[in-house]
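Q: Go ahead and model the full structure; you've got the sequences and the hints to work with.
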Amino acid sequence: MNCEAVGRWLDPLLDGELDSKNTVEVQAHLDACPECQRRYEAKRAVSVNLRRLDVGYIAPESLRARISAAVEAEQLAAPERGDVRRLPEQIAPARRHSSSAATPMPRRAARWFLWTGWPVALAANALLATVLLHQRDQVVDAVVADHVRSLLANHLSDVVSSSHHTVKPWFAGKIDFSPPVPDLSAQGFELVGGRLDYLEHQPVAAVVYRKHGHLINVLVSQPGSAIGTLPHTSRTQGYALRSWKQGGLDVVAVSDIDASELANLEQAYAAPLPLTPEPPNTP
Amino acid sequence: MGLEVENRAQRFRELIEPLLNDAYTFARYLSRDASAAEDIVQEAALRAFRHLDSLRSNEPRAWLLKIVRNCFYTWREKVVRAGTQSLDEELAAEDSDGRAMQSGEAQHDLDPQNILERTVQREAVRAMIEELPVQYREALVLRELNDLSYREIADLTGMPIGTVMSRLARARDLLRKMWLARSAEVGVL
Chain A
1 MNCEAVGRWL DPLLDGELDS KNTVEVQAHL DACPECQRRY EAKRAVSVNL RRLDVGYIAP
61 ESLRARISAA VEAEQLAAPE RGDVRRLPEQ IAPARRHSSS AATPMPRRAA RWFLWTGWPV
121 ALAANALLAT VLLHQRDQVV DAVVADHVRS LLANHLSDVV SSSHHTVKPW FAGKIDFSPP
181 VPDLSAQGFE LVGGRLDYLE HQPVAAVVYR KHGHLINVLV SQPGSAIGTL PHTSRTQGYA
241 LRSWKQGGLD VVAVSDIDAS ELANLEQAYA APLPLTPEPP NTP
Chain B
1 MGLEVENRAQ RFRELIEPLL NDAYTFARYL SRDASAAEDI VQEAALRAFR HLDSLRSNEP
61 RAWLLKIVRN CFYTWREKVV RAGTQSLDEE LAAEDSDGRA MQSGEAQHDL DPQNILERTV
121 QREAVRAMIE ELPVQYREAL VLRELNDLSY REIADLTGMP IGTVMSRLAR ARDLLRKMWL
181 ARSAEVGVL
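From first to last, the protein sequence lines stand for chains A and B. Residue numbering for the first sequence follows our numbering, starting at 1 and increasing by one per position. Residue numbering for the second sequence follows our numbering, starting at 1 and increasing by one per position.
Note that these hints are calculated values from the structure, not bench results. Each hint can be trusted.
Just a sample of chain B residues kept apart from chain A, beta carbon distances all over 12 angstroms, derived:
hint, residue
1, G83
2, V134
3, Q135
4, E185
Looking from chain B toward chain A, a few residues come up when the C-beta cut is under 8 angstroms (computed):
hint, residue
5, A9
6, F12
7, E38
8, E59
9, R172
C-beta atoms are modelled at their ideal positions from N, C-alpha and C, and glycine is treated no differently.
A: Below, the structure written as structure tokens:
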């Protein structure tokens, strides 16, 4: 792959959207090409800083209250209505009616909708929109719950040791696969210990690391588990998840640490990529 | 009140209410107007409630954000027709490849920062995102703040995945340039 081709894949790589074959190729190019590596780092810096600064918004309480009130009003107005999927034109009169009732109608009821006949096609699109059917939200929540529980219940580790020579053998006999327990201190991830857990009714090995005071649970399970259904990266409730497959095992790392650190962890934790020697590019 | 409606209310509380921050963030960046964003989200939430039966997916976020997007366009059409806001979203031609960032600038620190400084930075960056043309702004917000996958963004916007990819790349490049320019003006950002 030359620099131009690699340039197209930098954002997908950053977003965990690249398939494994291209990931290996792009990564190999980045390792060999400082210029592309810098471009990648520049993109990553934008992404990391956006998340660090937390530039999203919180919905105002007043808005939440208005929505609750509006939903309540809808409920009260609902019994006479057979089909909820009315034509858009019918919505306006219905809303006027409900606002004249005793129910507190939200002050800022979107006025412009009362007198705009909103495009039927657009609405139908929204209704019929099929999005990917994934169980994964449930699994994401289960992983986060496991992480939180391990912090709250004082049940972080069954075996407490900073030595992988102690932690790895501990799993033997307790679980019928052998989770990797690499020494990642060179990358700044200090081994805390290991424990046994159940996730979605399947046994998982948890290997715990710490970096900059953030605890990271690396959950490892046999293939075909719930972990295997996770997307490469996800984020919920302030926790970042990063999932990958490695040596026939499914792995997910979860932490409140910056998502980029989980990427570093994956890189360090996963078996080193076979570096295909590539002739120097002439861009 | 029918059981069906009550169930719907329950489902709304479980599925939709937790997503209101996402919805508001998306509406706010699209409209660049705090009070319009409230109207948009309120209308979107009502529509979501009315049509909750048609939500089959376990991924209600993309579903809700699509409704938010439709509400945004309805709002914008209205505003544009009223002549109070011009369509300012045409892309200014600009080279896409900025010079490579110095490695020092690419560094992101994880150290705890002074809260005030951080608030100032946050507002500065929010303003920069608002300056992006709408199609780039949308891709960036959906990916970085709403955490949707490329596939979900493609479904939501009706664009091919390749377009999503290039818009996102462009958005990041543009934002980085603004960020650098502003850093040069005011020092570290």
